[in-house]
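Here the protein sequences come in this chain order: A and B.
Take 1 as the starting number for the first sequence in the working numbering and just add one per residue.
Take 1001 as the starting number for the second sequence in the working numbering and just add one per residue.
It is worth saying that the hints were derived from the structure and are not from the lab.
A virtual CB, placed ideally from N, CA and C, is assigned to each residue, including glycine.
Check before you lean on any hint, since a few could be wrong.
[Unchecked claim] With beta-carbon atoms standing in for the labels, derived distance ranges:
no. : chain 1 : residue 1 : chain 2 : residue 2 : range
1   : A       : Pro-37    : B       : His-1553  : 57 to 67 Å
2   : B       : Val-1311  : A       : Pro-83    : 42 to 52 Å
3   : A       : Phe-701   : B       : Arg-1352  : 43 to 53 Å
4   : B       : Glu-1558  : A       : Gly-561   : 51 to 61 Å
5   : B       : Pro-1590  : A       : Arg-42    : 55 to 65 Å
6   : A       : Ala-645   : B       : His-1553  : 25 to 35 Å
7   : B       : Arg-1002  : A       : Gly-87    : 56 to 66 Å
[Claimed, not checked] List of simulated lysine to aspartate or glutamate pairs, DMTMM-like, C-alpha gap at most 20 Å:
no. : chain 1 : residue 1 : chain 2 : residue 2
8   : A       : Lys-657   : B       : Glu-1654
9   : B       : Lys-1353  : A       : Asp-546
10  : B       : Lys-1363  : A       : Glu-551
11  : A       : Lys-657   : B       : Glu-1551
12  : A       : Lys-357   : B       : Asp-1546
13  : B       : Lys-1357  : A       : Asp-546
14  : B       : Lys-1657  : A       : Glu-654
15  : A       : Lys-205   : B       : Glu-1207
16  : B       : Lys-1205  : A       : Glu-558
17  : A       : Lys-363   : B       : Glu-1551
18  : B       : Lys-1657  : A       : Asp-546
19  : B       : Lys-1363  : A       : Asp-546
20  : A       : Lys-363   : B       : Asp-1546
21  : B       : Lys-1657  : A       : Glu-551
22  : A       : Lys-363   : B       : Glu-1207
There are 2 protein chains.
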Amino acid sequence: MRFSLIQVNVLMAVSIVIAIAAFAVAYWLYRWVVAIPVASKRVARLREQISAGAATFLNREYRLLAIFTVVVAVLIFFFLPNPVWTGSWSKNLAMAFSFVFGTAFSALAGKVGVVVATQANARSAEAARTSLGKSFLAGFRGGAVMGMAVVGASLLGVALIFWIIGDSSALLGFSFGASTLALFAKAGGGIFTKTADISADLVGKVELGIPEDDPRNPAVIADNVGDNVGDVAGMGADLFDSNVASMVAALVIGLSLGGRDGKAVTMVFTFAALGLLASIVGVVTARMGKSENPTNALNMSTYVTGGIYLVLTFAASLLLGFDILLWVTAMIGLAVGVLIGITSDYFTNDLRKPVQKVAAMSKTGPAFTILSGISYGLLSVLPAMIGVGVAALASYKVAEMYNPDYALFGIAMAAVGMLSIVGTIISNDAYGPIVDNARGLVEMADLGEEALDRTDALDSAGNTVKAITKGFSIGAAGLTVIALLGTFMTEVNAAAAEHGLVALGKNYIEGFDIMDPLVFFGLLVGAAIPAVFSAMLMNGVNRNADRMVTEIHRQFREIPGLKEGKEGVEPDSNRCIAIATDGALRELVPAGLMVILFTLLVGFVGGVHAIGGFLAGNIVSGLLLAIFMSNSGGLWDNGKKFIEAGNHGGKGSEAHKSAVIGDTVGDPFKDTAGPSINTQITVVSLVASVAAELFLLFSIFG
Amino acid sequence: MRFSLIQVNVLMAVSIVIAIAAFAVAYWLYRWVVAIPVASKRVARLREQISAGAATFLNREYRLLAIFTVVVAVLIFFFLPNPVWTGSWSKNLAMAFSFVFGTAFSALAGKVGVVVATQANARSAEAARTSLGKSFLAGFRGGAVMGMAVVGASLLGVALIFWIIGDSSALLGFSFGASTLALFAKAGGGIFTKTADISADLVGKVELGIPEDDPRNPAVIADNVGDNVGDVAGMGADLFDSNVASMVAALVIGLSLGGRDGKAVTMVFTFAALGLLASIVGVVTARMGKSENPTNALNMSTYVTGGIYLVLTFAASLLLGFDILLWVTAMIGLAVGVLIGITSDYFTNDLRKPVQKVAAMSKTGPAFTILSGISYGLLSVLPAMIGVGVAALASYKVAEMYNPDYALFGIAMAAVGMLSIVGTIISNDAYGPIVDNARGLVEMADLGEEALDRTDALDSAGNTVKAITKGFSIGAAGLTVIALLGTFMTEVNAAAAEHGLVALGKNYIEGFDIMDPLVFFGLLVGAAIPAVFSAMLMNGVNRNADRMVTEIHRQFREIPGLKEGKEGVEPDSNRCIAIATDGALRELVPAGLMVILFTLLVGFVGGVHAIGGFLAGNIVSGLLLAIFMSNSGGLWDNGKKFIEAGNHGGKGSEAHKSAVIGDTVGDPFKDTAGPSINTQITVVSLVASVAAELFLLFSIFG
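Model the full assembly from the supplied sequences, consistent with the hints where possible.
Here you go:
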């Protein structure tokens, strides 16, 4: 079955309208948030400081990345997908343009998120003086602005590229742009936020014994800035990347199956658009209700979105004639995404055994906090990896039942299905740093015990839900990159056919054989990359925190009256922000470049077979390390909070000291390295796909 | 070219004679060691305590494993390689018998090693009163007894099985027996030793501030017992396992190439026998010379062995007509093994940047010790994994140049070549715990400052060389299991041919395609297993150490005069040994069983394709985690020693406290989990090979 040109154009137009509707909803949510008055002068002033710090960082980061983008775009124009002197200039130009477009959209979504988050934090703080429900909603809707912006931008960007240019190399270029920007944004933001967080804690809480958000601490503002640039902008870029990549993977495979007007391509747009629609409903209707339980409210928005999505896509499949088996593949993805989230929750929730055991172990000393946290983190790898494996296997087999040619498309649709609820997931996730900020503002501006209790409750819900959203985003990245492996193969075969390397109708490669030593070589090297990448990021945080700690010590030593909290004496927060910024920008480049260069190296040395192994090794070890690090980190964080709630001696006890050390180790695990690996595996997969033709033609051993 | 029956028989006889010669050399070395008189009554008494403790543990462990062995042997008889009711009882009996034989040989080699090591420790301590050279030689030759016993037993066992039964399932059964015992011995010994080590340090050094081997500490004897049962017996079983597996992998592939009298099989025995011969020379001629540098003496023995091996095998290849290209594959393995050892050394040597950086970071607090140690450990993964990948790729390609059918055999020969010097490697490695014990005895028996300085120097050399031997043994296991992947495929094809599943002369499987979702599913699950396995072992150490710390506290509280060191008051060391033993035996079973059961589960669910992916995933993530954990652990250990040598404030400084925490985290990393993963990946590969026929015939989805 094919669709007519008019039908396809209507579908594209509807997708674009829904994407634009998401922006409208985002704007409405934004207006709703900023309409809440900020009465406290001190809150307003701190908010401005945070907002200005975040803007400074983002502007400098984007300026650096703009240079990088231009350089890469020029390289793409000359070399990708084919050297320009072979006559492919129009294709190259389209890919270069799409690449720039992808980076710009990603940057824009991140920027919007941070601008709104740094408004919403103050509103949530203000609202906490009077109402838990309103404070919650300020945080959630602030986050939802980014959720809507990210998903709207993904759909809009992909639909425009598809409509205007419409070939797979342009789509891959767009996705590659989104992914590259995400890699740097996530790494840079992650280094910034943990530099500030660790340094603030180390000098403040550990050395001087002052509270978390004490205004005397010169790193406190930087810490709050970090929440925004790391958790809001970085995570937004990460999920923008995954979302675009899942759509592009499905579209590229879909194009090879039935062309622009085939059922596969239409199905991708339909399902993506309906996912966004479902997210809009889920986000707009979310509120706390009478239970006063923010965790339930957040989870409910996810389930509502998922439920609506299920119904809408089922109806659309009947209406538009998509086979119900293909609908099932999307539902498999959705279900497994939620399940992986739930297992992450088990390992990081303080009501469960792992956190409680680690907290209990902390009584024996910090080495046991570390060892037991690492052990549970490693254990948590099993259910998530089985989950991703089952999702890939089941969706492949189900789609194969429909039509053997559609088997890989089934995996891609599972990824699309898993990411369908991403608008709500982002809203839930961005809620976390906003209410964390709000809590800081309440404390720094002294808004009273009641407000502090309220923001504490909201913050704690943010932490709980974060484990779920993190597990979800790792699972989604995993499934997406498996689909991208299929995309890579599709690209290689298309290029081989174009260059007459195979007879018409034959495939150049049908797969990647592990027993081929080039594939195995790629597998080993690919598996090492996430380890090296995360090591470089963590070393970056270490070095940077070292510099910042020195600066904080200097301020406490040299600014008279600061330590004693004399009226009117303020720390020089901007110096700390500058150090975190400089360091993050310096450290993010080598790690990101290493990843891209290693992919090119393996591709040009070992050819497409080595790259097949490289991608598989990278996915497998990337998932393993990302899950391990995210869950260990979350577990240590909540273990510390569990002790602070009065268990095992509470604050100041030996157990607490150990738990603080665990939390410090966990910070770069969960907020720098772990989530960056997600993006790393996507980038590697996209580099492979965009350079597939070059690897095919110009490798040494391939 | 074929060899005549007489030629093959002569070769087998020569191999067996060389193996028996190794035992003779071991006996001569043993006599040399025990001829050194032990003058100090206190040393003699402590030695007996350690020896008795080790014997108690080993006897109980072996009793438990004997039951396990019988159960598995019965299961093998009924089910492997084929259900007995299908008429294959003679084959099944041969495999069951070979399995038992393999466990017995492995246990014997470990037992011999421990008996000698617990004699040599006292001799090394005694000799340290007068001469560094003699003290060194007592330690080295004590270790060499096990080196000779292990390699002699490998060659003897494999040669006997081959000569008497001679089919591949019996060889695999023997290797499976060796591997299973190694898995439990390594895990049990590793849990025992780190339980005792951590508990002794925690209460002794950290809480009470008494020296390392203070005789008042009830856990000190257990700690010394642990060095023997963990590092000597466990490591011996580990390398016995790798050595047997590399020979068996090469033999099984060799049998499929040219049968019993073909060139391939003859080459394996020739090269293995010459490796043993070279090791004998390397071990017997080793001594310290005038330089008085124990590290050089240990490394020199490795290089001498390697050099002799190179010359002997080259001459044999010319003489017996093995193609020089195949000789090259063995040399590739040898060279890469040494190179991987050298990169491990870089990451753990205190003269290099990583250890010094981590030591410097320790000034900022324990979280930074941990984070920077983890970062360097993750970085260290890259060269080793590239090394294994290059070795596999190069040996495959070189062998392919000789004959495409021999490509996989090339990888197997690279593993055989890498393991050729294993006799010397084991001697070097077992030297470490012996002189560590000797140092303890010198301190506990108060043999004087000069003796302590000498044993300190010897101990430090042991630590340095250990990094190299560990890197080497991980590399060897990695290459071996890649060869075993080929063995598995060979077994599947043989079984398929036997059952008429393919036309004559055709292969049932030519490889494992990553794009096959069953393979990918296997890849993901296989990769998760080493993480879960090491988590279970580390949790075992945690739980066990918790119990032992409680007991040490009880003794200091309840035994009057113990803390004050009153004359004649002694701690109840046996209680501590009993706790470590009970705990280790309780904790080792679930982890080992989990590994075996998961392999069976994946095989019976997903069939041979899923198992192919499972093995590949297991190898890749196993190597990654093993290298990471071993190197991080070694780095923390040496970082602590670097500070204790007077850097960054020396003993008692803040940096030292942080480094001690790092070292405690590193203990189960480097001595429990890391090296056990080696064995884990071999066991999984062998389970797959012995059950290949069942997976082929009885899987659900395969």
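Hints and how they fare:
no.	hint	verdict
1	Pro-37(A) to His-1553(B): 57 to 67 Å	holds, 59 Å
2	Val-1311(B) to Pro-83(A): 42 to 52 Å	holds, 50 Å
3	Phe-701(A) to Arg-1352(B): 43 to 53 Å	violated, 33 Å
4	Glu-1558(B) to Gly-561(A): 51 to 61 Å	holds, 54 Å
5	Pro-1590(B) to Arg-42(A): 55 to 65 Å	holds, 56 Å
6	Ala-645(A) to His-1553(B): 25 to 35 Å	holds, 27 Å
7	Arg-1002(B) to Gly-87(A): 56 to 66 Å	holds, 58 Å
8	Lys-657(A) to Glu-1654(B)	holds, 15 Å
9	Lys-1353(B) to Asp-546(A)	holds, 17 Å
10	Lys-1363(B) to Glu-551(A)	holds, 16 Å
11	Lys-657(A) to Glu-1551(B)	violated, 24 Å
12	Lys-357(A) to Asp-1546(B)	holds, 12 Å
13	Lys-1357(B) to Asp-546(A)	holds, 12 Å
14	Lys-1657(B) to Glu-654(A)	holds, 15 Å
15	Lys-205(A) to Glu-1207(B)	violated, 24 Å
16	Lys-1205(B) to Glu-558(A)	violated, 38 Å
17	Lys-363(A) to Glu-1551(B)	holds, 16 Å
18	Lys-1657(B) to Asp-546(A)	holds, 18 Å
19	Lys-1363(B) to Asp-546(A)	holds, 10 Å
20	Lys-363(A) to Asp-1546(B)	holds, 10 Å
21	Lys-1657(B) to Glu-551(A)	violated, 24 Å
22	Lys-363(A) to Glu-1207(B)	holds, 13 Å
The structure is inconsistent with the numbered hints 3, 11, 15, 16 and 21, although it conforms to all the rest.
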